[in-house]
Structure formats: structure tokens, C-alpha cells
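Residue strings, one per chain:
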Amino acid sequence: MPRRAAPSTLKADHVAEEKVNTHAQSLTKSRTADETDSRLTRLADHFRREWQIYVMLLPTIIWFVVFLYKPMYGLQIAFKDYSIFRGVANSPWVGWEHFETLFSNDQFLRAVRNTIYISALNLLFGFPAPIILALMFNEVLNQTYKKTAQTIVYLPHFISSVIIAGIVITAFSPTAGIINTFIGWLGFDPVYFLTQPEWFRPIFVGTGIWQEAGFGSIVFLAAIAGVNPSLYESAVVDGANRWQMMWKITIPSILPTILIMLIIRIGNVMEVSFELVILLYQPSTYETADVVNTWVYRQGLQSGQYDLAAAAGLFNAVVAFVLVMTANTLSRRFSRTSLW
Amino acid sequence: MPGVTLDGLVKAYGALQVVHGIDLNVLEREFVVLVGPSGCGKSTTLRMIAGLEEITAGTLTIDGRRMNRVAPKDRDVAMVFQNYALYPHLNVADNMAFGLRIRKMPKDEIATTIADVAEILGLTPYLERRPADLSGGQRQRVAMGRAIVRHPKVFLFDEPLSNLDAKLRTQMRAEIKRLHNRLGVTSIYVTHDQVEAMTLADRIVVMNDGRIEQVGTPMELFNNPANTFVAGFLGSPPMNQMRGVLTDDNVAVVGGAKIKLSGKVNGNAGRDVIVGIRPEHVVLQEDANTSSLPIELDLVEPLGSEALLHARYGEDNLVFKADTNGDVKHLSGVNTVHVPTHLVKLFDAETGSALNLES
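Heads up: the sequence lines are chains C and E, in that order.
Under my numbering, residues 72 to 411 are what the first sequence spells out, in order.
Under my numbering, residues 169 to 527 are what the second sequence spells out, in order.
Hints are supplied without guarantee of correctness; some may be wrong.
Said to hold, decoys possible - With a straight-line cut-off of 25 Å between C-alpha atoms, the simulated SDA-like cross-links for lysine to any residue are: (1) K275/E <-> G310/C; (2) K275/E <-> L195/E; (3) K321/E <-> R336/C; (4) K275/E <-> Q315/C; (5) K321/E <-> Y188/C; (6) K345/E <-> L195/E.
As the list claims (entries may be wrong) - So these bits of chain E aren't anywhere near chain C, every CB distance computed over 12 Å: (7) P205; (8) R237; (9) A239; (10) N251; (11) L254; (12) D262; (13) K272; (14) P320; (15) R337; (16) D417; (17) E464; (18) A475.
None of these hints come from the bench; they were simulated from the model.
The structure displayed is predicted, hence computed values, not measured ones.
Where is the CB? At the ideal position from N, CA and C, for every residue including glycine.
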């Protein structure tokens, strides 16, 4: 049984311990100060040596400050009863009032649900599409065919969303659209696709895939190009066929790229393509088509409720931030791949 | 016929022919090294044997079976690549099991085979590690392990040690030799390093410009190079080669020096020749069986027990080896080296082919 130390001894020990701790703390402080100093010196040296690089970086920094950081000042109106006449600074604080309004507003909740639903569909079908496309391009041996096919699928990316929406509206038109013409040939009545809520999501997600899958495949094609060719040769000697090589070499090799792209994508989950929704939806399809961004647009710009719209926007940003942090942490833990 | 036979093997990319009809017979259990400078066609030849390059013309036979149109997986060969070709996402055990799983070997058999081979290669503690967590030497062993687990008829090695540092290369060279002695599998090994070729091979095939220059045991090639290319390629430093003229009395005159020959050349006096002297074949003491070569000593490079003497003779830059006996001071005054008559090699100046000396 351990002997209990006398109180005086305990006190002396405690004082000694405190002294040691204080000494250690002061050492740590001075070390941290030294480290900060040397880091600043290094940064200054680096700046003197490589100032051209910093000059080139400047436009990007300015862009971030002007368009992303400065507007953050305005975020405070999410907690204020904002009036354009009083300005951001002089409008009175209202605390969480706008958020309470938001979460008791059925239309906003519907917009959140729609955003998540459409994003989930996009993730499920839109995210794998460029990967599959890149894998397919990688298997094409005829170079002329490969280049032609690549050019064709890259093209929609360079077309403005307005024209894309125009093409979609025309294609699904009940009178002159190719889809309904085809349906007519089969003996069925025309379908008013863009006015029926149940058709909006498939059409929207499909349009997104058509527009972006080709261009998105470039990243994965570049990752595939970086796979060591000896891995395939070794697998050929081992007896692997093309299908096995794709599953056992290509996909695992590009997995870090896939995960990085997935993290970025998850960060954009709340950012459903605003212009395309605005261009394709109509009041009859709000039920499935109205997303947070379009709701913010209608409330903020069209109805002049800037403070409520700012609260919705802030909510969107916080959700995206949490999602991207979570995805990044999970990816780092399970696959040793992460954005930071 | 067991082993590997190459009969007039040709490789061409369109109009460009890179391998011009290789004839070679690799015996069963033999270790043959293809050696030559970069671009000589040695790797292409190996890749044709593996089935990674199509054979343009000629015949490849493995174990008596024509393999020209046979898929790589059905040739029963295993290949070790220069950059190891390990799958970065798989651990050591899974890397080694890859080929066996593709061939649908039962799981318990795979586990036993991998355990056995890992034991042989000293990889047992690393089976769960990924390639990125291994040293260069360990990665190389995994690459060999992946080939060994297949129990193939032929091992093909494509410059497997060129990514290792000098010390590790020497170590792994010995391991490969030991492994070959233990497993006794027919092996074809490609390298540009003549030391690897000399130390590993039962027979060396020296290649140049898509053709075989000479085939033989390491000592045959070292002692009796078929031509100036082989003489210059094998040996470190390479053989000194000087232009000379034959005289009637079994002497080649090089510059002003008369180099005595051990026999007569079938030809006439006045013929232009190339006199070959290996750096390690000269002595510093003159005797009745040597010829003297006056030199201008340029530099002495001590290597420990011996030193390299860089010298000039007329227009020629020559290198000789001399014992240091613990000190190099006495070498700085060398102004003449002596060439033992029986070690002088002679080549035709025009064709570069070795000339036989008749006694």
C-alpha cells in the first residue's frame, strides 16, 4: 500500500511543479515567438526573392477580397431588420428572427428538400458520368474516333446555359419537339414534360450530365494518363483482361482524384445550377423545381426581403461548409486522400 | 526443345527496323543476360519474348512451342520490370497474389504460396505494407516475389536494378544470383550495366544496334572479344584501343612503339590494325615477354588497393590499372607501361573484328 505523503511535502511538490510548469510555459512561449519570427523572416526573404510570383497572385487575391470577402460584411443583415435607407450598419439587430421565419416557411423548407433531392440525384448520376466516360475513352483504341467523340461530348460545356435551356425546351416541346414527335410515332399522346413536376428532376439532371459530363471527364482522363503503363503490362503478363485491368488498376489508381472531385462536389451540394433552374422551371413545377437559390432570388431580389434572403444564403453556406469538412475528414481518415 | 529459342527475330515499327533478326538459344535453367547500350534493342527483344511487343518476323519458341501469336498470359513467363510495376493501392501480399487471383487459384493455395515466397525473400514482416512504405530494395524483392509465386517456365528481367543505389544494387545482384541457383528457372535478364552482366550471367549476349555482336560466357567475352565493340563494352574501364600497323616480325607498330604479338596474323605486313590492351593487363616492370609503351601520365585516381592511371600516348587517351601497395606516390612518376605479349589483342582496323594470332 503506498504511503500517503505528508501535507507539507505535497505542498512543496506542488510549488516545485508549478515552477517547472511556469518555466516550461515561458520556454514554449519564447520558442513559439522565435518560430513565428523565423517564419516571418523566411516569408519576407521569400517575398524579396520571388516577388514576381506574388505580383501574379495579386489579381486572384483582389478578386477574392472584392467578390467574396468584402460581401461577407453584408452577411450581418441576416441578423438585422435591414432597410436600404438605414444601411447595413444602422439597421437594428433582430437576432435569429429571420432563421425562425425561414424554418417556419413551407416554401423555403420545400426549396431545401428540392435542393437536397436534386443534388442527391446529381451526385448519384452526374458524378459517376464523367468517370465512366473517361474510362470508356481510355478503352477506345482508334485515335481518330476517340478524338472526334471527345470533341462532341466536350462541346455542350462551351454553350451558354440560356442556349442549352432553349435546346431542352425545344426538344421537349409538345408540338415540335423531337421527343414528342417520336412519342407520336409510337402512337401515344404528346407529354407536356416541362409543365409536369415529376419530369423536372430527370430532365434537369439529364441536361446537367449532357452539358458537363464530357468536360468533367478531362480531369479523370488526365488522372488515367498518369497511371504507370508498366502496371498494365505487368497485369497483361499476369493474365488480366481489359475489364480486370480497368477494375483492378485504372479505377484504384484514379481513386484519389475521384475522392478529391467528390469532396469538391459535396461542397457544392447546396449550389444547384441556379441559371438552368430559373430557365427551365415555371410555377407549375415549383413543387419539385424550386431550390434554395431560386427561392433566395425570388425573395431577395424580386420581393425585396434582403435580410431573409441573406439568412437563407448563410444557411446554405453553413451547410456546404459542414458537408465539405465532413467529407474531407472522412476521406482523409479512410483513404489518406484529402483536400487539405 | 526446352528453353527459349529465338530464330531470326525481327521487330520493325513501320519502315523502321529496330531488331534485325536475332538468333539465340537459351537453354533450360540457364541465366542469359542481354547487354548493350541504350537503344540497342535488348528491351524490345525481351518484350517480344514476353508478348508485350508483336514479333514482326522470325520465330519465338518456348519449351518447344511456337509462341509468336500466343497471348502473354499463356506463354508461362513472368516479368520483373525496371520500375517494379507494383500496384500502389495493394499491399505486398495482394501485389504478390494479383496474378494468382487472376488465374483463379484457390485462396488457401495462394496464401501458402505467398507465405513460402515471402519467407524466401525475407518479406514476411512486410506483407501488410503498401509499396509506398517500402524501401527500394524491398520493392524490388516484392517485384521478384510477384514473378516467383507464378512458378513460370521463364523469368524475364528488364533492368530490374537500375533504380537502386550502387550499394543496394550489389546486394540485390547477389540475391538474384542466389535465387536463380536455388530455383533453377530459365532466366533472361536485360541490362546496360556490364558489371551486372559479368556477375550474373551463365552466358552474355552483347547487342548493338539491333544485332547480336557476340554470345558467350562472361570470361570468354572478356578474354576473347569478337570485335572492338565487345572489347570496348565489357570491362571497367574498357579495353584501350590504339591504331597500329603490322610488320613482318610479329610486331604491331603503334605510334613509335613496337608491340610484340604472341603469334602471326594471317595476312601481310603493312596491314592496319587496332591493338587492344586491357587496363589491368599492363605491368610496371619490364621483362623479356613484355613490350614497352611510353606514356604521358595525366592523372592518378586512387581506388584503394589499385589506382587508375590516365595517360596519353600520341593522340590516344589511355587508362591503365596498377596496384597501389598502400600508396600512390610511386605511381606519379610512371612514364612507361609494359604490355605482356600474350595479352595483346588485335582487331582489323576496317571491320573491327578480332584477328586470330597463329603461333
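**Report entry** Which numbered hints fail
**Finding:** 2, 3, 5, 9, 10, 11, 12, 13 and 14
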